[in-house]
Each structure stands twice: as structure tokens, then as C-alpha cells.
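Start from the sequences and build out the full structure, keeping to the hints where you can.
Protein chains in written order, with this note's numbering: chain A, 1 to 301; chain B, 1 to 325; chain C, 1 to 336.
If you're looking for bench data, these hints aren't it; they were derived computationally from the structure.
Heads up, the beta-carbon is just placed ideally off N, CA and C, and yes, glycines get one too.
One thing to keep in mind: the hints can contain errors.
Where chain C lies over chain B, by a calculated footprint (3+ residues, C-beta under 8 angstroms) [to be verified]: (1) 242-250; (2) 309-322.
Below, in silico cross-link-like pairs of lysine-lysine (DSS-like), each with a Cα-Cα straight-line distance of 27 angstroms or less [stated by the list, open to error]: (3) B:Lys-241 to C:Lys-60; (4) C:Lys-131 to B:Lys-241; (5) B:Lys-241 to C:Lys-136; (6) B:Lys-241 to C:Lys-39; (7) C:Lys-39 to C:Lys-60; (8) C:Lys-60 to C:Lys-184; (9) A:Lys-35 to B:Lys-133.
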Amino acid sequence: MGGGNLGTSGLGGSFVGRFKERRYSLTLRRFWKSKMGVLGLLSILSFAFLALLAPVIDSKPGLLRPGERLTPPLESASYLLGTDSLGRNLLGLICWGARSAFTVIISASAISTSIGVVLGLVAAYYGGAVDSVIIKIIDILLCIPEFFLILLAVSMFHQQTLTVVILTLAIFSWMDVSRVVRSAVLSIRELPYVKAARLSGASDARIMFLHILPNALSPIIVIMALRMGDFIMTETGLTFIGLGDPNVISWGKTVNEGFQTLRVAPWVGTFTGLAIFLLTLGFNLLGDGLRDALDVKQRLT
Amino acid sequence: MNLREFVIRRLALAVPIFFLAVTLIFVILHSVPGDPISMIVAEMRYYGASRQQIEALKAYYGLDKPIWEQYLMWISHVLQGNFGYSIPMHAPVMDLIGPALLNTFILIGPAFAISALLSIYLGVVCATRQYSKTDNLASFFSLFTWSMPGFWTSIMVLLVFSLYLGWFPSSGMQTPGFTGTPLEMFTDRLSHLALPLFVNVAGSLAMNFRLVRSCMLEVLREDYIVTARSKGLRERIVVYKHALRNALLPVVTSLALGVRWIFMGSTLIEFVFTWPGIGRLTLQAAVGRDYPLLMGATSVLTIVTILSNLIADVLYAIIDPRVRY
Amino acid sequence: MRPERALVRISGLKTFFSTDFGDTVRAVDGVDLDIIEGKINGLVGESACGKSTLSLSIVKLLPSNGRIADGRILFSGEDLIRKSEDDMREIRGAQISMIFQDPTSSLNPVFRIGSQIGEAIELHRFKDEPKELTKKVVREEVTTILQLLRVPDAERVASHYPHEYSGGMRQRAMIAMAMSCRPKLLIADEPTTNLDVTIQAQVNELILDMVKKLGTTVLLITHDLGIVAEMCDRVAIMYAGKVVECADTSTIFKRSKHPYTEALLSSIPRVDIKHKRLEGIPGRVPSLVDPPPGCRFHPRCRYARAKICTQDPPTVEVEEGHRVACWRYTDVWESD
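Spelled out as C-alpha cells, the structure:
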């Protein structure tokens, strides 16, 4: 401990540092014990794998092969899951769809979590009028059915690119994260080492991000994982009804096509939907597993 | 302390909230890059609107007036329930929204009730038998069901029960052109309702069940439960009278907050089953760039959400006397 | 000497808990205790010494991970441990009642005070009567019992909710609830610990008053020796799951024999003597999962002799009505 001021590397910092070390290994061990959580992680990783390998599995996913349309799965060696009504390889469509799915949910998640964390931190830390205003905004935004807001916003755009979808998803989903962060910070704010940091003259931003935030990480991580599951649902829902980027292969769009050819090619809708289901399940299981591992309140015993 | 005062005060609060929400919709509409109003006009032209109709549209939106005047016009339109005219569908917006909303409620209402009752019952049973086979099975299943995207479940159910087994019709609210005795007509409607109702219930059951279960578990650990048992009360009374009422508090709040999700889920289900509800109407509006209809539907649904929050708060106050001050 | 009858006779009671990690916590590890009829019997000990567990064992309201492993609890001649749950339910609230430490969390926040008090009355005293008659009678009974506890404006209080009143009032409501069916035994688990000192005195006085009027037997659990001195006729001292000494209150204060009791008494700061420093008891309370062999107190006892004290000490009656579980009062000690 050098001669620095308390707020940086002094009591508060190293205490938190040592504390975090022990906590990480404990939580990791608890996480492995939860079979569900591990299964979830496996599912997510499998799809990520498929997404990465998409160009290998099917280098030309948009290629229409009218001659081989409507092949049922397992009938032909090169089309493991069959083809759709335009002769496209279903497995390829699923892999490429996984790509866009991950792109959307990771970006949207990152953005909405950032917004949510910052606003939640600021609201809880400063309290008073700032807090009231932010809460009011959150409450009002929550009154408007989220899906419809997104519908409204996305359909406004002339060119619906992936970016548009990501941004609208993010902008209308930060509220839940904010609330969680806010309640976590409210309880951390009163702890002694935060007061010590403030007394030693650390700036507000420093306190918020270096001292308070690391200790509010657990609920943030949990809700991020669960939110990602929601994002998949929303994004596939949007593309299912036809919004979104028409040039991007998306699971929702594929399910829609499957729906329209339900009688003749039921496998298209079934398998693509199964993919959505499994990935969503993966995130939900992961979120549950994380929650069980992280939730036992921070105790030093 | 008085329940009536509480309700009145809460109602009064709902009004400014509604205005703020509606303002927000207006703001969103006008903050999207690329002037949407002229896009509207362009779309209308595309649908072959006559000159008069376009002029009427321009007047309705006050396109030539400054923005704050447009805002006032929007507010007054909302208050009058006049959301303009939908050119693609050739009808005033309110005329379309009314019946569609009703149809959605026919679907959502029973779904909500069944889901709530079932989830409370299952939640209590599993909480009182934690870690038993029943509990583990139910918890696992609920996680499963929760992760299923509504539109996919709908398609699967449609595939199996309608297309393959032929037990249920695959679309609409009733067989077109069907007439018969009232009983026959009622049965016909019921058979059309069955599948979408099932999917709706399945979707929301999972979440509610888990919530009830976790709330019950927490409440059953409270001290006043020990007190109740120490009075010699039967376990059933302890659980259903003392514990459940306290556990329902967060459940009620959560159910109210979940209204937003209910509408989303129902929207996609309506799409798959071609159920003429407000969800499907909104989807058509979104895809068809029918902005008057879209804005009208969103505003109406906002009212519904605010109302359901209000009802939830009042219910909460009825259940928990600590809140009524 | 007036014969003193034991309303409850506990012998060899063992209550264990199983933890998530697979360990067994021996919360009550072989306890003999007599609860004398018509008297206020005190049970003293530090936190986590097993006194609350003992009280819950009597009415068999242990949490799901607890179980009574051995022993007998004789209540009016019948062994409660052998009784079925249905029988126990008839006893709870009617013959044996409990009041708890925290009146705020022990009262259901969503029901009115009167209805919570009336619940026991309705259940035990009027269950076979017609409904309309019952409601009115129950209401009167509730008012009566609240008035007995000197609650002002009893009818109004009964129609309100627990959160609208202070801690002292809530505790009175709890007492009313427990006494509403005139039980033979009242188990009071630290009833005034959470209250302000002035309110403590009030509530203690009420309990004394009530007991005298109704002749109830009380088991008063506390960690406060001051309350023991004020209220109890007899007292038993508990340590790490075992009863180490029991006697009349005055005997305990004047002529205690067990080293733990001695240490407890001398750790109380006194206003009439100048202390250089406060005396604590060296060492720590033993783990109830892996207790020390033999006498639980011996690792901290200044008289301990390793050879002898590592065996379970017998209970010796050093004078009439005064029993100690300590090797020092046995022949074995002398001859060593």
C-alpha cells in the first residue's frame, strides 16, 4: 500500500480486490455444479460454433436451386436438414441465421446494457431530483407496449438495415437493466468504503465506475443473459412478420417462409423454430445458472 | 387509509401518465430521421389515394403548421378518439380498432384467467412440496415452455393438431358463412378459439408459475407463518389463507407489468392463426406503412396498459392494507 | 413444602438439524428440564445455545431440516413426541401457546389484529358452534383479552392492522393471541428483546399480571439475566445444547455452582463496584456440529481437568431443587 490517497489503491481498492478474487473461484465452482447453467452455456456455444462455421457449411446460402427444392431432411447427403421451397440448404440458412442472430443480440445487449447501467447508476447515486426524473421516464416508457413501440419505430425507417433493428431494440429495452442496477446501487451506496472514497476526494465518476459498479455486477450479468433470450424472441418476431433487413438471412424470415409452405415442407419451419427455441433456452438456462451461482449474497465467511 | 381515496388518487395519477406516454409516441414519430409524414403521404399515393384524401390527410396532420401546433392537434385527436383514416383499409381508424380490440380480448381474457388460476395452484403445490418430483418436473417444464417462441409454438400446434390430425380449424374466429343453431355456432367458435388459446396459456403459464412458486417459498419462510402454525391452524389454512395472500402481492405487480408481453405474444399468435385481433391489425399496419392505424393502435394499447397498471395497483391495495395511505 | 408439580417434563431431548453441506447440527443434545406448574420458568443462554430450538421442539414446530432424534416430552402425563400431528394441532394454541421475539414479523401484515387474535379462539373454542353466533362472541372475547392486557380502546385496536401500531402494542397483540384460549403453558421466546427499555418493563409487568390472574405456567426464554431476576421463579442455564444448571432464581444468583453460570454472573457490569475492565469469558462458543467431547464448557473452564471433563458430566443435585451438571460436585473430583 503506497502513499496514495484512500480512494484509489488504499483500503477500499485492495479490500475489494482480495474479496473479488475469492468470490470468483467460489462462484465458478457453484456455476459448474448447476447442470442447467452448464447445459445452457453448451447450447449457446454450439450455436456460436455453427455461426462461425457458416461459410464452411454453406458458402452460398442464398443460392436458389430450383431443381432440388423441397427435399425432405436426411434424404440427400448434402442437405442434412433438407431444402426449402426455393432449393436453399436449410442447414446453411440456420447457420447464417445464427450469425445475424448473434450479431443483433450481442450489439443490442451491449448498447442497452450500457445505457441501462449508466442511467441506473446515475439515478441511484445522485438520488433526489435526478432519480425521480429517471424513474418517471422509465415508468412511462414501460407503459407503452414494447413490441409495438419497436414496430412503430422500425417501420418508420425507409431502409431497414440490421443497424436499425439493433438500435431500436436497444433503445426500448434498457429500462429493465436500469431498474436492476438502480436497486443494487441503492444498497451499495451506503456502504462504508464508498463513503471513505467520497471523503478522500475521489470524483463522482470514479466512485461510480470503479467502486460501486464492480460490486453490482452480479445482477447485471444475470439480467444481461436473460435479456439476450428476450432479444432473440423479439428479433425473430420482427423478422417473422417481414420487418427488418431483407438482405440478411434471419431465422424469423425463414420460419415465415416455412409457415407459408407448411403443408409441403413442414421441416423448414420446424427446424428453424427449433433452433430459435434451443438458443433461447440456452440463454435462459445460463441466466438461471448464473443467478444461482451469484445470488448467495456476498458473505465473507 | 381509505381504499376509495386511494383509487381516486391513483386514477388521477393515470391521467398525466397517459398524456406523457402519448406525447412520447408523438416525439418518437417525429424524431425518426427522414420526415415520416411526407413518407405517409407518399405511401398513400402509392395506394392510389385520391387528391381529396391526400388533402384531408395533410389537414389532419397539420403538415403545414409549426410542430407545436401539430402536437396540440395530435393531443386533441387522441382525446376525441379520432385517429384519422386508414387508406389501405378504407375505413376510419377507430372503426377498425374497436372490433379488433374486442377480438383480442376474447382471446386474451380467458387465456389470462386460466393461466393465472393454474399458475397459482401449481405454484402453491410446488412451493409446499419443494424439491419433490412434482416440483422438479414442473420447474423444468416451465423453463422449457418459457423459451419457446410464441410463433413457433403456434406453428407446431397448427401443424400437428390442425393439419395432421384435423381436430381443429386452422384459422379465423369462425367458419366463414357458417350458420346453425346457437349451440352449433358457439361450438364452432370454441373450436377456433381452442388452439390459439392453448398457445397463449402455455406461454404465460411458465412465467407466472415460477413467480408464484418463488414468492410462496419466500413467504413460507416468514415468522408469521410459524405464528399461524403455533395457533394450531391446519396446514391448508396456513398456506392458502396466511401465506398465499402475502405471496400474491408481487405476483399481482408482475402480472400487471407483463401486460406488455402479453400483447406481444398474442400479436404473433394472432398472425399465425389469422385471428382478427388488434395484434394482427397492427402488424398489417406496420408492414403496410399504415401510420394512422399504427399510431392509433399503439395509443389505444398504451391506454390499456395504463389501465391494467391501475387495476393492478388497486388490487394490490386491496390485498395489502399497508399501501393505502 | 408445597409439592411442586412439573407441567412439562423433558428428558433426554435431542434435536438435530441437517445442513446443505451434509453436516448435523446438534442444537439440543440431551436435555432434561422440568417446567414447574404455575411458575415462571426461565431458560437462559447465549445466542445459538439451543433455547429457541428447545421451545420449538416442545410444540413440534421445527423447520423442515430439523428433527427430534431422541427423548421424551411429558405434558400432563402424555409424551408429546409420540403424538400425531392432528393431536398436536389441538394442543397448539389451546393448551400450549407461543409468543415470539419480533412482533413485527410475527404478525401477518395483511390481516386485522382482531381477526388474528380471534382465529385461535374460533378454532379451539367455538368450532362446533353456528357461524353467526360465533362472530359476535369471538369479537367480544377479543376485546376482553385485549382489555385484560390494558390495551386502551380495545375495539378500535382490534379493527386495525399491525403496521399501524408500535412494537409494544404489537407485542401485546401477540400476547393476547397466545392467551386467548387460556393455555396451560405459555412459551415466551425473548418477548421483550426487541422493544425499547421502557416498553420492556411495561410488557414484562403485563406478563406477570396476566400469569397471576390466569395461573398460567410460563417458559420464559431470555439471554438477559436482569429479566430473569425480575420475573422468573426458577431458571435453567443452557450452554451449547445442554442444560448446565437449574434452580430457584435467588439460589442461582446467590449460590450458583456451575463455572459457566459464575462467569455469566460476573460478566454483568455492576454500578456499585468499580470495575477495572469488563470480564468476558475467554474462548468461543463451541460448534454445534462438532462439539467438544464430554462437558461442553470445559475448553473455556478454569477449573477443567482434561482427564475427567472429557466425559459427559452427570447431573448432581447439590441441594433441594438445585441441580448442576459439573464434575466438580461428584466424588470423582475429590478423589483425583
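Verification of the hints:
no.: 1; hint: 242-250; verdict: holds (count 3)
no.: 2; hint: 309-322; verdict: holds (count 4)
no.: 3; hint: B:Lys-241 to C:Lys-60; verdict: holds (22 angstroms)
no.: 4; hint: C:Lys-131 to B:Lys-241; verdict: holds (18 angstroms)
no.: 5; hint: B:Lys-241 to C:Lys-136; verdict: holds (21 angstroms)
no.: 6; hint: B:Lys-241 to C:Lys-39; verdict: violated (36 angstroms)
no.: 7; hint: C:Lys-39 to C:Lys-60; verdict: holds (23 angstroms)
no.: 8; hint: C:Lys-60 to C:Lys-184; verdict: holds (17 angstroms)
no.: 9; hint: A:Lys-35 to B:Lys-133; verdict: holds (17 angstroms)
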